[in-house]
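A.B. asks: Number 423 in my numbering belongs to position 423 of the sequence shown; there are no gaps in the numbering.
Think of the hints as simulated: they come from the structure by calculation, not from any bench.
Heads up, a few of these hints could be off.
[Claimed, not checked] The following label-pair restraints were derived from C-beta to C-beta distances:
no.	residue 1	residue 2	range
1	K770	D184	36 to 44 Å
2	G622	E90	46 to 54 Å
3	P198	V383	51 to 59 Å
4	G622	T333	50 to 58 Å
5	S216	S722	21 to 29 Å
[As the list claims (entries may be wrong)] Below are the SDA-like pairs computed for lysine to any residue, each with C-alpha atoms no more than 25 Å apart in a straight line:
no.	residue 1	residue 2
6	K642	A702
7	K213	N125
8	K354	T499
9	K98	T111
10	K108	Q170
11	K236	K108
12	K575	T653
For every residue, glycine included, the Cβ atom is placed at its ideal position computed from N, Cα and C.
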Amino acid sequence: MNGVEKISSKESDADLLVKNMTTNGVTGGTAAQTIGMEYTGNKDTNWAEADMTVYYDQDYLVRNTVDSNSIYYFTQDRLATQSDNKVFGENTAVDGIKFTIGEGSSAKEVTVKIDQVKLDAFLANVPANNTTAYQQFADLINEALVKLNAEGNDVVNKGDLDGYTITLDQNYFRTNGGHDNQGDQLKYPAYAIVLTAPDGETISKPAMNQTEKFLSTYDMFNDTDTENRTEFSPVKINVDLEKVGLAADGGALVIGSMNKNANNVFGEKQGITTTDTVAGFDEFNVHVDGNKTKNSSLSKLISTDNTLRKVSIDSKDGSTANLTIGNSNTGVTFGTSAANASAFKDVQVMDANKVGKVFAGDLKLYAGITAEIAAKYFDNTDVELYGLNNAEELATFNYDGGSGNDTLNIAIDANAIAYSFGQGIAGAAATDVTKTVNANAAKEIAANKFEMNINGNAGNDTINISMDVLSATSSLGAMNAYTLGATGIVINGGAGNDTINLTADTAAPDQWSFTVAFSGTNFGHDIIDNFTLGGVVTNVKQLTNEVQELDLRGFVAHKDEVIKVSVGDKVYEVKATADMTNAEVITAVTDILEATTISTLAVNNKNTTEDYFTVTTTTVTGIMALDGNTTTGAGLNGYVGKDVGTVKVEITTGSETNVNYEKIPPLHTTTADTVQQGGQLWYGATTVGNGADFLDFTAYTAKGVVMVDSDGNSSKIIATGSTTAIGDKLVFLVESIHEAGVYNAYTATVQTAGQTDFSVTTGVNALQNKVLLGSIDLGSDVNTGAPANDIHADQFLF
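Assemble the whole structure, with the sequences as input and the hints as a guide.
C.D. replies: Structure (structure tokens):
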């Protein structure tokens, strides 16, 4: 076949199998092709449901590297990072971007400004997760770009910006201020906001746009880059769905490679002779058509070789049809990661909330996250798609519902989470930690750690989270020693009346710690099932310390050679002024990792602020135990309870002695083994978690949280050692007088300084500027005054 842009199974009651599909005659490869499944049959007593399977010739599934026609913007609010640990805040002094299109006399200077009302709402509720904050800011700019192109103004005509997009690139970021990363260190990475133009268009002169809103003080970092970068282009394809299953449960849609195995298992493809091809698709872009009488129901949506990483879902113009992925034809009992994965397996990004293309129907999804994510994401350092970031050791999973009443059923293999975080105990030295060897036997635990953000967005959503029981016989090794219960999972119901079921399975619902986050001007009435309380007073909020082990045996440096130490995305270099022994190299590396300002060595320590680790020598000379249990000293930033990027040490430049050839640098290189990932949130005693959960109100930039009984009795401010100042904003949870366990949530500011508790009556503690946010049903009264049966103060995040 030649020039095929769309192939469909339409009005079919039988299975359709397409083999050796190609992109011959199609400009743009598979991204310009569409697989359609429309009005296909369901199952009854006389025949089976209709499946559709499309297998491509392997040679046409290529991740191309492309030179993007893009310019890049970097920004960060330094005041916000210092005051609230956020990258934007109410004093953020930019509201969009500028750039020039065209050349010469036809050139036009374009300004894209975010709508001020939307910008103010965002800046008042900036997410605590910095990646999410940057993504939302980029989405607001893209929304403004789409509007400008549709309406035009006195500079650009309607349609002048067709094909222009704004995206966020998490793999390109600034770590330092100034131009081209040459200034002072930023507190957090500033991710690139990317403007991409169609090929052949000229774009130049990028700049952040200064807000016209009066700000008495501000401190912004802004920079841009116009150099084209080579980027991975994922293997993706469009999918059109309309009334799959004919108003009942339909069949499976499989789009992948001729080179496959029978079970959709990652890495079990046959040998590939063309090394840059993929044994399936990275991305499906699903477009659902029809009204509520034309809903679609799939038994599964998968590729081959478990390659599928991203699925975006939207509604065609004017369409409201629902979509189900996972139904009675899947042939499993849903609830475990393996069962759910039969319908939707190990997908990193599920996005039904794209700017301008929100899915308008009700989405019902069964998704499984299996142990295969270890090889697919955690240990896979060759692929940087969809924010997979090896420098920051991060593999973030994002699941976003649309505007309908969605049901997201997500089951996760607990062994995969244990594998990602490590087996260590918080605060333990590396030599005290029982290590486990991962599947590839190359390092102690995964290179990247698991994080997951689930957002129902608009609509009355139901989010069910299931965790498989830890198994001593897992393919990842014996994980039953993992007792902390950290998950890295944050769930936000979004707007509407939502139900969030933590550990929907019956297996140890109190074993795991989840975070339920709230944001927006009104999050509705949210029911949280299986919310676990703090228990005895000795249980507290905990954060793991980073623990690594670094092997420098045999490392020496000759005069004028450079010792290069990388900690995540930060790089430090010292030059040897004389030949250095192994012991001296170890001392130099220790100086860098501990930010030692005075060294006995004649080298220049380039790190004087970041006290990453306490470094100790193990029983084997040359092997160093690195523990992030560092406290903040004078002029130093400590890393207790924080994540630290992987340490890598190289000896670069110069030549080896006593040989007759020049060795290509680096002359020596080693990467530390990560024993325990830092910054993982959990709850419990010193070494064992009890699975208590967290309520996260950081989006409201409040100074604390107050919980008040229904009888109006006073309740303490939940903030360590704090008293009020006039104008402080607090989040209040006031118990309903009608139903114990239901708490009305609002923000308010205080009028009296020096207060430590509040009542709902007026008086010295009277409040002003009340804003109702919603209500939260925790299932029982959690503010009785009995610590073992109540929510603890440190279960609130703000």
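A.B. asks: Does each hint fit the structure? Answer for all of them.
C.D. replies: Consistency of the hints with the structure:
1. K770 with D184: 36 to 44 Å: holds, 41 Å
2. G622 with E90: 46 to 54 Å: Check passed, 51 Å falls within 46 to 54 Å.
3. P198 with V383: 51 to 59 Å: At 26 Å between Cβs, range violated.
4. G622 with T333: 50 to 58 Å: holds, 53 Å
5. S216 with S722: 21 to 29 Å: holds, 25 Å
6. K642 with A702: At roughly 22 Å apart (the allowed maximum being 25 Å), A702 and K642 satisfy the hint.
7. K213 with N125: Holds, at roughly 18 Å.
8. K354 with T499: holds, 23 Å
9. K98 with T111: holds, 5 Å
10. K108 with Q170: violated, 29 Å
11. K236 with K108: Judged against 25 Å, a Cα distance of about 34 Å means the pair is violated.
12. K575 with T653: Within the cut-off at roughly 10 Å; holds.
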